[in-house]
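2 protein chains.
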Amino acid sequence: MSKNYKKINAAIIIIGNEILSGRTEEKNIKFISSWLNEKIGITVKEVRIIPDIKHEICKSVLVLSKKFDYVFTTGGIGPTHDDITASSIASAFKLKYEFNKKAYNILEKYYGKKNFNDGRKKMAKMPKSSKLILNPSSAAPGFMIRNVFCLPGVPSILNSMIENCKRYLKRGARTHSKTINYLTVESNISKEMSKIQNKYLKTVEIGSYPFFRLGRVGVSIVIRSIIKRDLEKSFNELKKVLKNKNIKLFN
Amino acid sequence: MSKNYKKINAAIIIIGNEILSGRTEEKNIKFISSWLNEKIGITVKEVRIIPDIKHEICKSVLVLSKKFDYVFTTGGIGPTHDDITASSIASAFKLKYEFNKKAYNILEKYYGKKNFNDGRKKMAKMPKSSKLILNPSSAAPGFMIRNVFCLPGVPSILNSMIENCKRYLKRGARTHSKTINYLTVESNISKEMSKIQNKYLKTVEIGSYPFFRLGRVGVSIVIRSIIKRDLEKSFNELKKVLKNKNIKLFN
Chain A
319 MSKNYKKINA
329 AIIIIGNEIL
339 SGRTEEKNIK
349 FISSWLNEKI
359 GITVKEVRII
369 PDIKHEICKS
379 VLVLSKKFDY
389 VFTTGGIGPT
399 HDDITASSIA
409 SAFKLKYEFN
419 KKAYNILEKY
429 YGKKNFNDGR
439 KKMAKMPKSS
449 KLILNPSSAA
459 PGFMIRNVFC
469 LPGVPSILNS
479 MIENCKRYLK
489 RGARTHSKTI
499 NYLTVESNIS
509 KEMSKIQNKY
519 LKTVEIGSYP
529 FFRLGRVGVS
539 IVIRSIIKRD
549 LEKSFNELKK
559 VLKNKNIKLF
569 N
Chain B
319 MSKNYKKINA
329 AIIIIGNEIL
339 SGRTEEKNIK
349 FISSWLNEKI
359 GITVKEVRII
369 PDIKHEICKS
379 VLVLSKKFDY
389 VFTTGGIGPT
399 HDDITASSIA
409 SAFKLKYEFN
419 KKAYNILEKY
429 YGKKNFNDGR
439 KKMAKMPKSS
449 KLILNPSSAA
459 PGFMIRNVFC
469 LPGVPSILNS
479 MIENCKRYLK
489 RGARTHSKTI
499 NYLTVESNIS
509 KEMSKIQNKY
519 LKTVEIGSYP
529 FFRLGRVGVS
539 IVIRSIIKRD
549 LEKSFNELKK
559 VLKNKNIKLF
569 N
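For the protein sequence lines, the chains are A and B, in the order given.
In case it helps, the working numbering puts the first sequence at residues 319 to 569.
In case it helps, the working numbering puts the second sequence at residues 319 to 569.
Hints were generated in silico from the structure; no laboratory data involved.
Relax, there's no trap hidden among the hints.
Lysine-lysine pairs mimicking DSS-like chemistry, simulated, CA-CA at most 30 Å apart:
#1 B/372 / A/557
#2 B/488 / B/443
#3 A/325 / B/345
#4 B/414 / B/431
#5 B/414 / A/509
#6 A/357 / B/345
#7 A/372 / B/324
#8 B/520 / B/561
Chain A with its partners taken away, still in its complex shape (with noise of 0.2 Å):
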């Protein structure tokens, strides 16, 4: 493989109660995935949710930061007693949890020095030596420690961020897909899919996802691949197989 095809992978950390409890609807996961994959070429493996407990952050962290080339963090990075990403962070590399001059001239800018009370303050607090994630909407920015990018976990305000997250992140081979939607149940096609992802098992991913629209009944089957001949081969052998099974398409 040449260095184009380099995978890259990261993990998402969603912290947050909020989540947990059902009460809020988790919209970052989609989002960032996405992003990294279209974007950047980057693969995520893993994705954790957990409470906002010091232990259970630095545990998250260290695990996944070892295990992936990147971390994204969503949440606790905002002014009230319940935000305690960055000091758990710092915890967790036993880095010093300190102002960041950069982001205390940034917010005391923002806020007006009458009004850049002890809440706003500790938003410019972080690990030693963090780097910037600048925010474009609500001016307390993210940052950079090690692998590790910890995001807010608003929607808005992550999604205007993450741009800011680019010029840190090495690129690695983009997955293409392919998706194609048939009239039938999983359970007919089964044999078909299997045999062709046998035959593409180191290059090739096939997923197959039932669905109902309009109270008829289908399935999407994904094609996804870092090498595009590959994608369009066993795509194509999937179509012709199914065509001469009598399968028929769902337009």
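Got chain A sorted already, so can you dock chain B onto it with the hints?
Just chain B, lined up with the frame of chain A:
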């Protein structure tokens, strides 16, 4: 604390490449968490989203089934090659992976003897001694083995099955919650929230969640407790102190 305050917890494992890749939005976490909390009194403490890879499934199931009272998995129990949840869990628990007679009969009856092909038969294979979780939508049952509940990934089918988990679950103390919205930003009220959180550290959990609505900025404060009296007391104290500070309600 009386036995009514017994805390029971759970973890959720979402198995599926389609969620990790960003292709599919995750929709089961909020549903399962809310159901467990509101109907059964069980608190979800951790969620993991992992790929369709055997050793990843085994590891997560072993770790989380030890750490929590219950584990719920979603995905990977269909008829295709990437449906490896049942065989992986059998292997994790060192149990035989075999036909469950009851499941076999249900599926044979549903599809008819003639159409009961290998893919469909696969859905009757489970770890030895599994108990069935019946499926009113599409016949193929989920199963419970030890403290692990295995459910399908398709939200509408999962939703229709969840009530059938009830008979296997111990009841815990329900978490009560109150929400109040203010026309402010978190950093304006962080000191007050923190004070009350510290006062009720052992029984009450106070979370704050910024939001934007109709062009205005607000904060939702959510107070949660299994002890109603402490919930009411902390809620009223917070309301009073913010009223004194002249923080306006967001209606």
